[in-house]
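**Student:** What follows is each chain in one-letter form.
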Amino acid sequence: MSRYVSYRDFDWLLLGFVLLICGLGVMEIQSATVHTKFAGSHIKQIYWILAGVGMMFLMSLVNYQALLDQIHWFYIASIASLIAVLLFGTKALGAKRWIKMPGGNHFQPSEWVKLVLILAIAKFFAEMRQRELSWGDFFKAGAIVGVPMLLVLRQPDLGTALTYLPIAAMGMFLGGMQWKQGLARSMS
Amino acid sequence: MFGRDEKVSALRLTASQYLILGIFLILAYGLWRLQVMQSDYYSLAAERNHTRNVPVLAPRGKILDREGRIIVDNYPSFSALLLRDSSRDLNGDADLIAQGLHLNADEVRTRIKRFASMPQYQPIFLKEDITPDELQFIEAHRNELPELDTIMAHRRLYPRNGFMAHLVGYVGEVSEDMLNQPAFELYNPGDVVGISGVERQYNTLLMGKNGSRQALVDSHGREVGRLGETEAVPGKQLKLTIDLDLQIAAEEALAGKNGAVVAMDPHTGEILAMVSGPTFDPNDFAVRVSRDEWNKLVNDPDKPLLNKAIQAQLAPGSTFKIIMSVAGWQEHIAQDLHVNCTGGAEFYGRRFGCWVKGGHGAVTLEKAIYQSCDVFFYTLANKLGIDRIAKYATDFGLGQKTGIDLPNEVNGVMPSEEWKIRNFKQKWFAGETISVGIGQGAVAITPVQLLRAISAISMGGRMVVPHVINPTEMPPGYVEAGHYTEVKSVPLDPNGWNFVTDAMSRVLLPEGTAPSAHVPGIDIAGKTGSAQIVSLTTRAKFKNSDALAQNGWFVGFTPRRNPDIVVCVLFQGGEHGRLAARLATQVIKAYVDKQKRTPQKMVEKPNAPGTVDIGGLWSAPDDDGDKDGLQAGRFAIDLPKKRPVLATAAPGMN
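Keeping their order, the protein sequence lines are chains A and B.
Residue numbers for the first sequence follow the working numbering, so the first one is 1 and each next one is one higher.
Residue numbers for the second sequence follow the working numbering, so the first one is 1001 and each next one is one higher.
No lab work stands behind these hints: they were computed from the structure.
Since we're looking at a predicted model, the values are computed, not measured.
Cβ atoms here follow ideal geometry from the backbone N, Cα and C, with glycine treated the same way.
Heads up, none of these hints are tricks.
In silico SDA-like cross-links for lysine to any residue, where the CA-CA straight-line distance does not exceed 20 angstroms:
#: 1; chain 1: A; residue 1: K100; chain 2: A; residue 2: G89
#: 2; chain 1: A; residue 1: K123; chain 2: B; residue 2: S1016
#: 3; chain 1: B; residue 1: K1303; chain 2: B; residue 2: E1575
#: 4; chain 1: B; residue 1: K1488; chain 2: B; residue 2: H1267
#: 5; chain 1: A; residue 1: K123; chain 2: B; residue 2: S1009
#: 6; chain 1: A; residue 1: K123; chain 2: B; residue 2: R1012
#: 7; chain 1: A; residue 1: K114; chain 2: B; residue 2: S1016
#: 8; chain 1: A; residue 1: K96; chain 2: A; residue 2: L153
#: 9; chain 1: A; residue 1: K114; chain 2: B; residue 2: I1020
#: 10; chain 1: A; residue 1: K123; chain 2: A; residue 2: G136
#: 11; chain 1: A; residue 1: K114; chain 2: A; residue 2: F125
#: 12; chain 1: A; residue 1: K123; chain 2: B; residue 2: L1013
#: 13; chain 1: B; residue 1: K1127; chain 2: B; residue 2: R1142
To list a few chain B residues with every Cβ distance to chain A over 10 angstroms, as calculated:
#: 14; residue: R1084
#: 15; residue: N1161
#: 16; residue: H1267
#: 17; residue: K1401
#: 18; residue: G1431
#: 19; residue: Q1440
#: 20; residue: H1576
Between the sequences and the hints, there should be enough to build the whole structure, so can you do that?
**Tutor:** Printed below as a string of structure tokens:
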């Protein structure tokens, strides 16, 4: 199933747009923090972008098919991390969103859950054989996104929870959703 | 690999791509709108956000008298601040703070509570204009109470006890009403501007220009740096035409009385002294006036806030007879008029009494002036008719503003047939003219109008514009002061006004109406007047209440020909003109005394003032110890000032 990935196959245009948006971000940070005690934050941001690009190339070496094969483990881990945050999370600004990591950093599970959900939804629809989405599959897909979403809503963090919806919507739409189902989804 | 083509519909894939493209286009448009289309607007808003203009207040100009003596000054005034960004327990310190600043501790706590939601960098103004011992308390408790601080601002210091309060006026924060007027359009809320008197009239000159300090602030409003500073331009000092020594004499004359005293140089129109009574203390307004205090001043029946010299409109009484005499002479009626006064006369079926019940007997113009015979002037008024009287009175400026450089001067009333029709839609009755002949009836004038009219007669018809500043000493380009040097001329027969002023000089002699005001050695020409507020019969009904007592007037000048000074006194409730005359002669005497005491010609020394060079020869031991050589030298010796010391500054200015 695995295949060699060449840099010639790489979507350089996509990377260009990503870097463009990152560049705008750096400019905004620079102009917003000049003359304040946060001055120089944009340099840090550049370091983070460079690190991110490096990570991106590293990750691109991993065959996503292999990730898809292990997705149920990732999914279980993400649900566990969301429950952990409800149990042991640090409370700030009236919500429990973070888990304190050794070393003083804070980890926000709801962020990485987004990536897991994308893979999980993709895997779910890829394994579906028929062209049309059955009601049963519709509800199953809904549950895959709905469970972590409800956990995030409990934190409460409506903003992040809402970002899960487009993931489900896009998956269902491309997975062969019928118009009636679309209506039912938008009403739920 | 799985069969992508059979799984995902191409249509749906394309649709999602376009959807994502659309969303990005919207975001890109938003970015473009913020950064390009409205960049000017947002960059300006951001600029304002991170630089703050802190005003640097310009001190107002001082006000000086004609000799440069201080009338109004500034003083550094301290306000106590409570800083809230210290880590102190403010409520715990409230008792000590309240004790030191003479405040109520609970009130301090309430204010701390009220400010709790405000940004921390914003201090609380605990007390304005604190006393030296309160300032001492703050300085002494720097360690125990680090949250206390002071801020200094210049405040106006006015003379004590309301000295010259009406002329000088006072300052205050510019009001909403004033900001809507074109004269104040350049000011900002919170600016301190002149509210009345000279302070208001010459506000632009006195005010100066506030500077500003551009401070860099962060998004919380805390100062983090300084970009630049434009210095404040202090207000210009203003030299008045007032002579402080004369002003003091006038204030003393009117002390405790209701009315006004105005003295003027009839050659130039320079006001030498101006007092209105009762007075108020503008220092009370310099910080903050309480509502109760303000209401008391506004509702006082004696109207302490009114500058009666320019704002009281009253019947001039017998002083009007001077206008009548000149009018009668010009019309060739008065010089040959002979009247037999029997204590009253009948006109148009009504009896008009003379103030001397027994009558003056045979009266000519001269006797009618110094004895103030009413019957003579009834007869003269009847012969002249109202319109000829009104013409002369109007020529002399009665019933109109004099144009003095003080705010809110009033017009007064000089009645005429036309005036009656315009205001009452009624015909003038000939009987009304009779009362006008002795300055009663509808005639209502201000002291400064009367002063100007009599000044013009004493100068042979030369009408000056009264003013309180010297136009030639104003900064160049200050055009407002231009017209104060304009002189108007009323053509008069010299024999007429000389005759009238000669008669006026007998008013203070034994045969006149005010012999008790006579000052030996000073040639004063003048005219008394006493004017009814209500008719004598009405007054009797109110049991001769003081509130309805007659107003005493006196207007006079010295010397009789080419006078140096003309003075007008209104003594409300003074009953008789001779009492007003006594007040006027006090001022005139102070003027004459000062002229006599002040050497007219001083030999000014070419070197430092107050010293004189003396040359000398003397013998002293020379190098070899003999005293055979004469030495010469020059010494500068300090001389005591010969000029008598008069007032050095207005009371309270040291």
